[in-house]
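Protein sequence lines, in the order shown, are assigned to chains H and G. Quick note: the first sequence uses our numbering, first residue 42, plus one each step. Quick note: the second sequence uses our numbering, first residue 19, plus one each step.
Treat each hint with caution, since some may be false.
Claimed, not checked - In silico lysine to any residue, SDA-like type, Cα no more than 25 Å apart, as pairs:
hint, chain 1, residue 1, chain 2, residue 2
1, H, LYS514, G, GLU269
2, H, LYS590, G, PRO259
3, H, LYS514, G, GLY34
4, H, LYS590, G, LEU199
5, H, LYS590, G, LEU343
6, H, LYS590, G, ARG261
7, H, LYS590, G, GLY34
8, G, LYS146, G, LEU111
9, H, LYS590, G, GLU269
10, H, LYS107, H, ASP187
Rather than coming from a laboratory, the hints here were simulated on the basis of the structure. Values in this document were obtained by computation on a predicted structure and should not be read as measured data.
Here is what each chain is made of, one letter per residue.
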Amino acid sequence: MVEGRRITVRGRVQGVGFRPHVARLARRLGIRGGVQNTMDGVLIRAEGTQEALEAFIRAIVAEAPKAARIDAMEVAPDRPEGALDFRILPSRAAGRSTSVIPVDTAVCEACLAEMRDPHDRRYRYPFITCTQCGPRYTVIEALPYDREQTVMRAFSLCPDCAREYGDAEDRRYHAETIACPACGPAVRLIDAGGRPIPGDPIAQASALLRAGKIVAVKGLGGYHLACDATREEAVFELRRRKRRPRKPLAVMAASVEAARGAVRLSPEEEALLASPAAPIVVAERRDGGPLAPSVAPGLRTVGVMLPYTPLHHLLFDAGAPALLVMTSANLSGLPIFYRDEEALEGLREIADAFLVHDRPIAHPLDDSVVRLVGGDIDFLRRSRGYVPDPLPSPFDVDGVVGLGAEENNAFAFGRGTQLFVGPHIGDMETVEVEERYIREFEHFHRWLGVDLNIIAMDRHPLFATRRIAERLKAAFPDVEIVEVQHHHAHMAACMGENGLEGPAFGIILDGTGYGTDGAIWGFEVLYGSYDGFRRVAHLRYTPLPGGDKAVREPWRNALGMLVRLFGREEALRLLEARFPERRTALPILASLVERRELVAEAGTCGRLFDAASALLGLAEVAGYDGEPAILLSERVDADAEYAPYAFAIEEGDPMVIDMTPMLRALLHEYGEGRPIEAIAGRFHATIVASLVEVIRRARMRHPAWSRDVVLSGGSFHNPYLRVHLRRALRALGMNVYTHRLLPPGDGGLAAGQIWVAARTKRAR
Amino acid sequence: LAHGAGGKASRRLIEGLIAPYVFESGTELRDVAEVALAGGRLAMTADAFVVKPRVFPGGSIGELAVNGTANDLAMGGARPLALVATLILEAGLPTEELEREMAAMARAAERAGVAIVGGDTKVVEHGKADGLYISTAGIGLVDPRVDLSAKRVRPGDQVLLSGPIGDHGITILLARGEIELEAELTSDTRPLWPLVEALIEAAAPGLRWLRDPTRGGVATALNELARDARVTVVLDDEAIPVRPEVRGACEILGLDPLHIANEGQFLAVVAPEYADAALEALRRVPGGASAVRIGAIEEGARPVVLARSRYGGTRVIDMLVGDPLPRIC
Ligand SMILES: [Fe+3]
Ligand SMILES: [Mg+2]
Ligand SMILES: [Zn+2]
Ligand SMILES: [Zn+2]
Chain H
42 MVEGRRITVR GRVQGVGFRP HVARLARRLG IRGGVQNTMD GVLIRAEGTQ EALEAFIRAI
102 VAEAPKAARI DAMEVAPDRP EGALDFRILP SRAAGRSTSV IPVDTAVCEA CLAEMRDPHD
162 RRYRYPFITC TQCGPRYTVI EALPYDREQT VMRAFSLCPD CAREYGDAED RRYHAETIAC
222 PACGPAVRLI DAGGRPIPGD PIAQASALLR AGKIVAVKGL GGYHLACDAT REEAVFELRR
282 RKRRPRKPLA VMAASVEAAR GAVRLSPEEE ALLASPAAPI VVAERRDGGP LAPSVAPGLR
342 TVGVMLPYTP LHHLLFDAGA PALLVMTSAN LSGLPIFYRD EEALEGLREI ADAFLVHDRP
402 IAHPLDDSVV RLVGGDIDFL RRSRGYVPDP LPSPFDVDGV VGLGAEENNA FAFGRGTQLF
462 VGPHIGDMET VEVEERYIRE FEHFHRWLGV DLNIIAMDRH PLFATRRIAE RLKAAFPDVE
522 IVEVQHHHAH MAACMGENGL EGPAFGIILD GTGYGTDGAI WGFEVLYGSY DGFRRVAHLR
582 YTPLPGGDKA VREPWRNALG MLVRLFGREE ALRLLEARFP ERRTALPILA SLVERRELVA
642 EAGTCGRLFD AASALLGLAE VAGYDGEPAI LLSERVDADA EYAPYAFAIE EGDPMVIDMT
702 PMLRALLHEY GEGRPIEAIA GRFHATIVAS LVEVIRRARM RHPAWSRDVV LSGGSFHNPY
762 LRVHLRRALR ALGMNVYTHR LLPPGDGGLA AGQIWVAART KRAR
Chain G
19 LAHGAGGKAS RRLIEGLIAP YVFESGTELR DVAEVALAGG RLAMTADAFV VKPRVFPGGS
79 IGELAVNGTA NDLAMGGARP LALVATLILE AGLPTEELER EMAAMARAAE RAGVAIVGGD
139 TKVVEHGKAD GLYISTAGIG LVDPRVDLSA KRVRPGDQVL LSGPIGDHGI TILLARGEIE
199 LEAELTSDTR PLWPLVEALI EAAAPGLRWL RDPTRGGVAT ALNELARDAR VTVVLDDEAI
259 PVRPEVRGAC EILGLDPLHI ANEGQFLAVV APEYADAALE ALRRVPGGAS AVRIGAIEEG
319 ARPVVLARSR YGGTRVIDML VGDPLPRIC
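The whole structure should be built from the sequences, with the hints applied where relevant.
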């Protein structure tokens with residue numbers, strides 16, 4: 042007997058070949074009916090025998106396209122209409138928008154096999170794609186996702202491609218980015234002067250890389266700079282030309298085997314590397330391994346990725362070194378290059394040659410950077426392969442946008458109960474970055490079609506997002522601007538991601554955030570919900586002399602801390618021994634730190650790490666954002682146990698955590714020549730112990746308060762803090778929630794801003 | 019009321035609480051006002067001086083009071099003629115100090131070519147003032163050849179600066195003795211009319227706008243220009259002259275020289291075809307040797323000040339806001 046089913050599938054099911062997949066299954070199993078995209082997923086109406094329908098429903102999940110992600114599937118009985126076949130129906134226009142821009146995915150196995158088959162018409166073709174793989178977000182200019190709305194519209198289909206596109210049985214049925222050597226884009230190799238280099242471009246580029254040259258490679262979301270990652274002279278030269286002395290460079294390995302030679306990889310890390318998102322995975326570098334020291338100076342870890350475009354694979358196939366530095370091509374302070382003319386001009390003095398092609402990049406996208414910590418994904422940067430995939434929101438956030446913070450920034454949009462975090466934009470320190478931000482913001486706005494009604498931004502008076510908010514307000518006079526305290530936003534981000542309603546504790550360990558009292562916060566125990574919070578505890582304030590400079594030069598911040606905590610005389614004696622080259626500057630700065638009108642007060646985890654790192658001789662000056670803290674955290678074995686140093690807690694509301702005893706003990710042990718590893722371990726353990734103690738006391742004081750606690754803020758990229766704080770709080774009977782979908786750092790802040798602003802404003 | 023270090027807080031104070039009551043809306047807020055008379059234009063300005071310490075390397079409050087007022091007139095394109103001064107004395111101020119400051123005012127007036135023609139004196143109780151405040155008012159005659167207004171500033175115009183910046187502010191900061199930093203620095207307080215006069219001679223038809231970047235520094239003065247003229251001001255980061263001593267102090271203190279106060283420098287916007295002549299003329303006047311072009315006016319969708327550097331992109335130069343807060347984490 043013929044029965045009917047109405048099947049709704051939600052998740053990442055658009056632009057990933059989901060409808061063709063369903064249609065193929067239907068034909069195989071004798072199901073009739075149809076499939077169509079809807080506002081929030083895919084709707085299937087199926088008719089067939091009960092057994093066939095059950096097999097069909099199982100296969101929809103079991104054989105789903107690799108790039109798809111099924112979050113929810115509902116099956117309801119339906120009245121059979123006597124359909125004669127199974128069809129892919131036009132998108133349903135009901136509702137405001139049915140449109141989700143899919144993510145870019147790494148080239149799939151089937152396409153790679155064809156690309157390497159000498160008899161295939163796409164043999165060695167660098168732009169091979171199918172419904173399952175290839176560029177999406179980076180080539181789509183507008184929706185709906187049709188070829189005419191992508192940069193591929195410039196390439197009209199040849200008869201062969203047109204046939205594949207129209208054939209329901211073909212892998213490339215409705216593959217909007219379809220192309221072949223006869224009709225699609227092509228690569229070229231040009232020299233630094235813009236002149237074409239004769240010969241096969243890919244073979245020549247590989248030869249240049251083998252010869253130790255620097256080649257700019259146009260990728261999916263922007264340009265990369267590539268060179269042999271095993272040749273110190275080549276990597277060093279790249280650093281010199283790029284004026285980037287220390288910041289670690291990402292490595293692309295030809296294969297998992299090649300990656301294994303350079304870094305230690307768990308099976309989970311290998312799976313992440315080979316996933317369709319193909320992120321950069323931060324892993325432990327092998328001692329004595331092949332990577333040049335300059336790839337990641339002073340670090341035990343390095344970021345590795347696998348080739349994710351056909352062009353990358355072809356470069357390695359043609360004999361490029363199996364480990365290539367593959368770093369975003371940008372100049373200091375500027376966003377990643379993605380337009381050909383700008384890249385050729387801007388990289389002229391850096392690259393020896395350019396491997397380019399004529400498929401434009403509509404929207405730039407940096408590589409994502411992730412790390413596996415205690416079995417969870419820690420997003421250091423959420424971008425290519427993940428953006429613009431929406432996150433579910435526990436409540437309606439329609440028309441609310443978050444502008445984010447200042448560094449490692451990303452904006453976010455709320456639509457319905459979905460939250461879309463934008464691409465990694467970078468540090469908002471130049472006009473060029475601001476313009477990039479605005480361009481991508483406008484793209485999201487157009488695409489999502491939401492009516493802006495609330496703009497959430499940070500309270501910091503100097504952030505560039507404040508200017509952007511003013512511009513938006515001028516363009517949309519009806520919007521309301523809501524200022525959200527930085528750490529409240531971090532807390533809300535972690536609550537929202539975990540679907541919590543609150544109230545909850547928030548332990549926010551962070552770099553710098555503007556507090557409600559004008560001080561710089563960042564070592565916070567909060568309690569509250571989206572609509573408000575109270576401060577349960579914080580780190581005792583110390584002066585941060587010189588604003589941004591105190592962050593770039595941690596010795597300054599160490600000085601501020603010691604002068605306040607130890608008194609001027611003892612501080613200067615200790616500091617002169619530590620930083621002999623700064624002997625003249627030290628007393629000057631010491632006289633400055635108590636001048637309130639010149640010096641900000643700060644109590645932050647990031648600055649505490651910086652100060653310790655400087656005092657322990659690891660980083661007097663930061664070579665890049667976060668270097669001092671990273672160097673300190675890498676001295677610690679995240680799986681080991683260490684005895685905490687003493688610390689003090691001043692009772693009060695809020696409680697004040699005083700690390701004076703810890704700093705004294707740390708300096709004492711350092712002076713006695715204890716190994717840095719042991720000191721660093723105890724330092725980490727002290728932070729954990731102090732926070733556990735605060736929570737314990739707060740629970741005693743307020744027995745009725747929630748047992749939920751969220752961990753957020755940039756310091757939770759530190760594996761030890763994440764793992765050990767979670768463990769210790771669980772032992773205390775708390776329910777501990779961490780980030781797995783959003784970065785704990787400021788890349789996830791915009792989402793939290795949205796959740797706070799939506800709740801505080803909508804409640805009224 | 020917040021601090022009056024110049025910049026955003028001062029601007030908000032004036033635009034929000036003061037100007038609406040006394041000026042017609044839309045009045046361009048300048049340091050000097052013009053009064054039309056038969057046969058000419060009279061420039062008028064008023065100023066109050068509060069400085070700690072009252073004596074500092076290169077000058078003192080009395081000298082500052084005369085130069086400051088004369089320079090505001092000069093910035094209106096006016097030759098300073100006469101000024102009156104009101105002294106507010108705190109009971110207990112040593113008479114020698116008062117005498118010294120009166121002598122300093124007389125010397126400064128002579129050097130600036132203005133006459134001190136009157137004034138008033140009030141003594142307030144001990145603790146009700148900080149030693150000595152001087153309030154001045156001055157008049158000058160506007161040179162008939164000039165027409166100065168932000169509204170005349172056009173894209174393509176050039177931004178000139180009379181000399182190195184930050185000397186005064188850093189000198190004062192160090193003279194307070196609270197910071198153990200020593201530097202061979204003196205305040206740049208001086209009369210600017212001789213330089214302005216040379217500029218008018220050489221470039222009057224192309225002279226659009228003048229401003230002495232006192233409190234809030236060059237950054238604040240140019241932000242006000244950008245706002246009033248609705249243009250983008252683009253500075254060449256490497257062209258802005260800063261003495262190594264000032265740069266060094268700013269480095270240590272984490273300050274931007276563009277936010278530091280000056281008392282003897284000015285900014286001029288001139289039409290491009292007059293820029294070379296203007297610079298040549300300035301450089302011939304004693305004290306004008308380091309006058310330099312620091313940027314240009316560009317068509318701007320939004321009124322901002324930008325600093326472009328060869329490496330590292332373009333920064334937005336904001337007005338002075340207050341606390342030196344870190345933005346980076
Ligand atoms: Fe943060
Ligand atoms: Mg004045
Ligand atoms: Zn494929
Ligand atoms: Zn074709």
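Okay, the hints, checked on the actual structure:
1. For the suggested pair LYS514 of chain H and GLU269 of chain G, the alpha carbons sit about 36 Å apart, so the restraint of at most 25 Å is broken.
2. A threshold of 25 Å between alpha carbons decides the hint, and for LYS590 of chain H with PRO259 of chain G the separation of about 21 Å falls inside it, so the pair holds.
3. Between LYS514 of chain H and GLY34 of chain G the alpha-carbon distance is near 20 Å, which keeps this suggested pair within the 25 Å criterion.
4. Simply put, LYS590 of chain H and LEU199 of chain G have alpha-carbon atoms about 18 Å apart, close enough for the 25 Å limit, and the pair holds.
5. Our distance criterion of 25 Å between C-alpha atoms is met by LYS590 of chain H and LEU343 of chain G, whose separation comes to about 10 Å.
6. Taking the CA atoms of LYS590 of chain H and ARG261 of chain G, the gap is near 20 Å; set against the 25 Å cutoff, the hint holds.
7. Restraint check for LYS590 of chain H and GLY34 of chain G: not satisfied, since their Cα atoms lie roughly 33 Å apart, outside the 25 Å limit.
8. Pair hint LYS146 of chain G plus LEU111 of chain G holds up; C-alpha atoms about 12 Å apart against a cutoff of 25 Å.
9. Distance restraint check for LYS590 of chain H and GLU269 of chain G: the Cα-Cα separation of roughly 8 Å lies within the 25 Å cut-off, and the hinted pair is therefore satisfied.
10. Between LYS107 of chain H and ASP187 of chain H the alpha-carbon distance is near 21 Å, which keeps this suggested pair within the 25 Å criterion.
In summary, the structure is inconsistent with hints 1 and 7 from the numbered list given earlier, while agreeing with the others.
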